[in-house]
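*Asks:* Go ahead and model the full structure; you've got the sequences and the hints to work with.
Numbering (UniProt numbering), first residue to last: 1 to 170.
Hints should not be assumed to be uniformly reliable.
[Unchecked claim] In silico PhoX-like links for lysine-lysine, alpha-carbon gap of 25 Å or less: (1) Lys16 / Lys145; (2) Lys127 / Lys164; (3) Lys145 / Lys130; (4) Lys118 / Lys72.
[Unchecked claim] The calculated label-pair distances, taken between Cβ atoms and stated as ranges, are: (5) Ala19 / Asp125: 22 to 30 Å; (6) Arg69 / Gly165: 35 to 43 Å; (7) Glu108 / Ser18: 19 to 27 Å; (8) Ser9 / Tyr141: 20 to 28 Å; (9) Val20 / Met120: 40 to 48 Å; (10) Ala19 / Gly105: 35 to 43 Å; (11) Asn17 / Leu44: 17 to 25 Å; (12) Glu159 / Val33: 40 to 48 Å; (13) Val20 / Gly165: 45 to 53 Å; (14) Arg69 / Lys118: 15 to 23 Å; (15) Val33 / Arg163: 40 to 48 Å; (16) Ser23 / Glu159: 27 to 35 Å.
By construction, these hints were calculated from the structure, which means they are not laboratory data. Note that the structure is predicted; figures quoted are calculated from it, not measured. Note that the Cβ used here is the ideal one computed from N, Cα and C, for glycine as well.
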Amino acid sequence: MMTGPERRSDIISRIKNSAVPVSGKALAQAYEVSRQVIVQDIALIRASGHDIISTNRGYILNAPNIASRTFKVQHTDDELENELCSIVDLGGRIVNVMINHRVYGHMEAVLNINSRRKVMEFMEDIKSGKSSPLKNITSNYHYHKVEAENEETLDLIEEMLIRKGFLIQN
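*Replies:* Here it is, written out as structure tokens:
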């Protein structure tokens, strides 16, 4: 049985790789869920930053060519804002934060931070005590999936992460 996140990831792939629009009915049948579950999945997929368009024939993905890379990083809470601002200033979008915990396993949270304003909103949520950064349960080690318009931008982001001492190189 597929989990919700696995199904949504598969839906994105299915729509992206289809030459024709993919109907909600076809998706519901393929995953053996109701049409309403698919509508909710599409809403969550859109909220995570994917530009899915509904047509009278089905769903299509309006996907510009976007490059992505996952970076393993480590920094303190005091350096968090610096890390995020540095990435968005170079044209990156921080898609998520992920950790691999020895007990809890893989944990991931969607961020979708692509501007200093969104960095400030995120930092305000952290400072207000709503939550603490996920990295804090893994000695500051964590991963970010970062998207950008091209590989050159991701190279610049990687160089900056190295220069600032945030990037963990295996």
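*Asks:* Compare the structure with each hint and give your call.
*Replies:* Each hint tested on the structure:
| no. | hint | result |
| --- | --- | --- |
| 1 | Lys16 / Lys145 | 19 Å, holds |
| 2 | Lys127 / Lys164 | 23 Å, holds |
| 3 | Lys145 / Lys130 | 23 Å, holds |
| 4 | Lys118 / Lys72 | 21 Å, holds |
| 5 | Ala19 / Asp125: 22 to 30 Å | 41 Å, violated |
| 6 | Arg69 / Gly165: 35 to 43 Å | 18 Å, violated |
| 7 | Glu108 / Ser18: 19 to 27 Å | 26 Å, holds |
| 8 | Ser9 / Tyr141: 20 to 28 Å | 24 Å, holds |
| 9 | Val20 / Met120: 40 to 48 Å | 42 Å, holds |
| 10 | Ala19 / Gly105: 35 to 43 Å | 37 Å, holds |
| 11 | Asn17 / Leu44: 17 to 25 Å | 20 Å, holds |
| 12 | Glu159 / Val33: 40 to 48 Å | 44 Å, holds |
| 13 | Val20 / Gly165: 45 to 53 Å | 48 Å, holds |
| 14 | Arg69 / Lys118: 15 to 23 Å | 19 Å, holds |
| 15 | Val33 / Arg163: 40 to 48 Å | 47 Å, holds |
| 16 | Ser23 / Glu159: 27 to 35 Å | 44 Å, violated |
The structure does not agree with the numbered hints 5, 6, 16 stated previously, though it agrees with the rest.
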